[in-house]
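**Q** This is what each chain is made of:
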Amino acid sequence: LTRGGLDDAAWEEVEDTLLAADLGIDATNELVEQLRTEVKVHGTSDEATVRGWLRTDLLRLVDPGMNRALASARVDGRPAVVLVVGVNGTGKTTTVGKLARVLVAEDKDVLLGAADTFRAAAADQLETWGARVGVPTVRSHKDGADPAAVAFDAVKAGIELEADVVLLDTAGRLHNKANLMDELGKIKRVVEKQSPIDEVLLVLDATTGQNGLRQAEVFAQVVGITGIVLTKLDGTAKGGIVVAVQRKLGVPVKLVGLGEGPDDLAPFDPEAFVDAILA
Amino acid sequence: MFTSLSDRLAATFKNLRGKGRLSESDVNKTVRDIRMALLEADVALPVVKDFTHNIRERALGAEVSQALNPAQQIVKIVNEELIDILGQHTRPLRLAKTAPTVIMLAGLQGSGKTTLAGKLGKWFKDQGDTPLLVAADLQRPNAVTQLQVVGERAGVPVFAPEKGNVGGHDAVGPTGEGTRSYGDPVEVAEDGIQHAISKLYNVVIVDTAGRLAVDENLMQQAADIRDAIEPDEVLFVIDAMIGQAAVETAQAFQDGIDFTGVVLSKLDGDARGGAALSVAKITGRPIMFASTGEGVKDFEIFHPDRMASRILDM
Ligand SMILES: Nc1nc2c(ncn2[C@@H]2O[C@H](COP(=O)(O)OP(=O)(O)OP(=O)(O)O)[C@@H](O)[C@H]2O)c(=O)[nH]1
Ligand SMILES: Nc1nc2c(ncn2[C@@H]2O[C@H](COP(=O)(O)OP(=O)(O)OP(=O)(O)O)[C@@H](O)[C@H]2O)c(=O)[nH]1
Ligand SMILES: [K+]
Ligand SMILES: [Mg+2]
Ligand SMILES: [Mg+2]
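So the sequences go chain by chain: W and U.
Using the working numbering, read the first sequence as starting at 1 and increasing by one per residue.
Using the working numbering, read the second sequence as starting at 1001 and increasing by one per residue.
Hint data in this document are derived by calculation from the structure and do not stem from the laboratory.
Just so you know, not all the hints are guaranteed correct.
Unchecked claim - Derived DSSO-like pairs: lysine-lysine, alpha-carbon spacing no greater than 30 Å straight-line: (1) U:Lys1049 / U:Lys1029; (2) U:Lys1125 / U:Lys1297; (3) W:Lys142 / U:Lys1029; (4) U:Lys1076 / U:Lys1029; (5) W:Lys193 / W:Lys40; (6) W:Lys142 / W:Lys188; (7) W:Lys248 / U:Lys1029; (8) U:Lys1076 / U:Lys1049; (9) U:Lys1163 / U:Lys1125; (10) W:Lys142 / U:Lys1163; (11) W:Lys177 / W:Lys188; (12) U:Lys1029 / W:Lys40; (13) U:Lys1097 / U:Lys1199; (14) U:Lys1125 / W:Lys142; (15) W:Lys156 / W:Lys188; (16) W:Lys156 / W:Lys193; (17) U:Lys1076 / U:Lys1014; (18) W:Lys40 / U:Lys1049; (19) W:Lys188 / W:Lys108; (20) U:Lys1049 / U:Lys1014; (21) U:Lys1097 / U:Lys1125; (22) W:Lys186 / W:Lys156; (23) W:Lys186 / W:Lys248; (24) W:Lys186 / W:Lys108; (25) U:Lys1125 / W:Lys177; (26) U:Lys1297 / W:Lys177; (27) U:Lys1297 / W:Lys186; (28) W:Lys248 / U:Lys1049.
To be verified - Pulled a few chain U residues facing chain W out of the computed Cβ check, cut under 8 Å: (29) Leu1039; (30) Leu1045; (31) Pro1141; (32) Asn1142; (33) Gly1243; (34) Ala1245.
To be verified - Calculated Cβ distances over 10 Å to all of chain W for the following chain U residues: (35) Glu1057; (36) Gln1072; (37) Leu1093.
By construction, the Cβ of each residue, glycine as well, lies at the ideal position given by its N, Cα and C atoms.
The shape of chain W in the complex, shown without the other chains (with noise of 0.2 Å):
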């Protein structure tokens, strides 16, 4: 959008920014209505006009009034239980691991449950995150353990313990395999024998196009998420996805992925998000 005028070309380019954010067709399409329908009732041309009304617009989709607050404190005299969940290699694991910091850091008593008993080395790679954030993880030491029991022992350590709350990782899972898909819904019906989950978080990594859509819907029939997670956005993608993600399922963005390192995870910050979608 940097032409000033709006001639073909640069409605295009506004169309251009859009998609190369992987807002989609449906979400690009309709802000692109939404705008020409502005320029023409305001008769204006003037570039930073414009440019400002789309900041608006993307700024209403994304909707800075979503409660975006995380379930993180004791509930009923019980912990907070908090599920991750997410197709393969998104970042469950490092999020759990990074949201465990942000948690002690509020001074809370934190509990890791390693429910990837599938992924090679998962719940070691879960401990060496809870080690190093200094917290405990409940894991068992049998490949191909039953995910379900983990989480159970997990919330079951939680409330014995009297911590502030439990996370529990699960192993990545495509959302299209219907036998893993159920046994995620296992592992949530188990855990609520003891104590409700309080929040279900979908990590979602910021390169994933379409699909992510598609993702969200399953999980979300599956075991109700709560919130997004929006990981890797420290890369090139903007991770405009989870526009539609928002608008379909009503289930907000809560957390942004921002590196490798423990300190790289904070708070889904609607108009940083916007910015570096239309920068």
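Please build the complex by placing chain U with the ligands on the supplied structure of chain W, with the hints as guidance.
**A** Here is chain U with the ligands on its own, set in the frame of chain W:
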């Protein structure tokens, strides 16, 4: 929501009368349909533009007739073009004249490199070769442990002189030192080759840490590993779910490490995988393998025709 390209084109040509060439306006609509289909499949924008430009030329020149179903004719043209790009340079793995054959894996974080190391190892082993996996990701917590478990599952030995990031200590020191220094991955890779030579392994597969396209330091480290071990193949592993970032990513890895081939991972998902087209078109490097699951056997030769159908949702 997703309508296939065939459905869309059928709607476009609903009112087409008689025989002959497509009118300018028919072609415009056609190009719009194709553009939409490709964008929904996550083909990157610059590649979509280039592609639709070529299709426009072909569509303008094509003889179509309603009797022969113009929608199908156009789909056929698009499909041919896709296969052409995806399959232009298909070739088998390059093996060293004198053993060992060295294969280096690189890619973004979480793309599937370590898992692929196990798959490739097993694949070679099943052909009677004697592969060795080398653990040169010393950065990701327990990446070395992961490769050791992967090697065990594949029945392939792992060279891991450094444990990497397992201490649970926080390496981000007050002066910022040591965030990535759990040992020297370049040295591990070099030693791995020497180890293979002395123990007579005939294939060496070097796993490296995930890195971002924009991370110049880590990209340089990958280039250093490459220069130190002079691999016969440098395979760029890319997640089939990736969206528009595919272009910059592929470009950065091509500039950084000049990879020789591509492996598309997580094709067992339901992403349409337009990245395959983006990477092939932008880099001209062959897509050699498809990774299709978490198990050590979930791995196959890449099929351009199947990929084309998948991108077009046929
Ligand atoms: N640059 C960057 N890398 C990240 C971020 N979050 C995670 N990673 C990296 O992404 C890779 C995968 O992270 P994991 O936490 O293992 O992902 P996961 O979702 O637990 O993976 P599976 O359990 O195998 O499905 C690792 O190399 C992480 O260091 C982030 O915000 N930025
Ligand atoms: N479904 C599926 N999962 C895969 C495939 N390839 C790898 N994975 C999974 O994706 C996740 C990441 O794989 P890794 O092999 O650890 O990826 P990586 O590139 O080595 O990751 P980093 O070293 O952290 O950069 C793991 O959960 C793997 O099991 C595949 O083809 N299909
Ligand atoms: K990924
Ligand atoms: Mg994990
Ligand atoms: Mg790895």
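**Q** Taking the hints in turn, state whether each one holds.
**A** Do the hints match the structure? See the list:
| no. | hint | result |
| --- | --- | --- |
| 1 | U:Lys1049 / U:Lys1029 | 15 Å, holds |
| 2 | U:Lys1125 / U:Lys1297 | 12 Å, holds |
| 3 | W:Lys142 / U:Lys1029 | 58 Å, violated |
| 4 | U:Lys1076 / U:Lys1029 | 17 Å, holds |
| 5 | W:Lys193 / W:Lys40 | 58 Å, violated |
| 6 | W:Lys142 / W:Lys188 | 21 Å, holds |
| 7 | W:Lys248 / U:Lys1029 | 28 Å, holds |
| 8 | U:Lys1076 / U:Lys1049 | 19 Å, holds |
| 9 | U:Lys1163 / U:Lys1125 | 25 Å, holds |
| 10 | W:Lys142 / U:Lys1163 | 21 Å, holds |
| 11 | W:Lys177 / W:Lys188 | 17 Å, holds |
| 12 | U:Lys1029 / W:Lys40 | 25 Å, holds |
| 13 | U:Lys1097 / U:Lys1199 | 18 Å, holds |
| 14 | U:Lys1125 / W:Lys142 | 27 Å, holds |
| 15 | W:Lys156 / W:Lys188 | 14 Å, holds |
| 16 | W:Lys156 / W:Lys193 | 10 Å, holds |
| 17 | U:Lys1076 / U:Lys1014 | 18 Å, holds |
| 18 | W:Lys40 / U:Lys1049 | 28 Å, holds |
| 19 | W:Lys188 / W:Lys108 | 23 Å, holds |
| 20 | U:Lys1049 / U:Lys1014 | 25 Å, holds |
| 21 | U:Lys1097 / U:Lys1125 | 18 Å, holds |
| 22 | W:Lys186 / W:Lys156 | 17 Å, holds |
| 23 | W:Lys186 / W:Lys248 | 26 Å, holds |
| 24 | W:Lys186 / W:Lys108 | 28 Å, holds |
| 25 | U:Lys1125 / W:Lys177 | 29 Å, holds |
| 26 | U:Lys1297 / W:Lys177 | 17 Å, holds |
| 27 | U:Lys1297 / W:Lys186 | 27 Å, holds |
| 28 | W:Lys248 / U:Lys1049 | 28 Å, holds |
| 29 | Leu1039 | 6 Å, holds |
| 30 | Leu1045 | 5 Å, holds |
| 31 | Pro1141 | 4 Å, holds |
| 32 | Asn1142 | 4 Å, holds |
| 33 | Gly1243 | 2 Å, holds |
| 34 | Ala1245 | 4 Å, holds |
| 35 | Glu1057 | 20 Å, holds |
| 36 | Gln1072 | 24 Å, holds |
| 37 | Leu1093 | 24 Å, holds |
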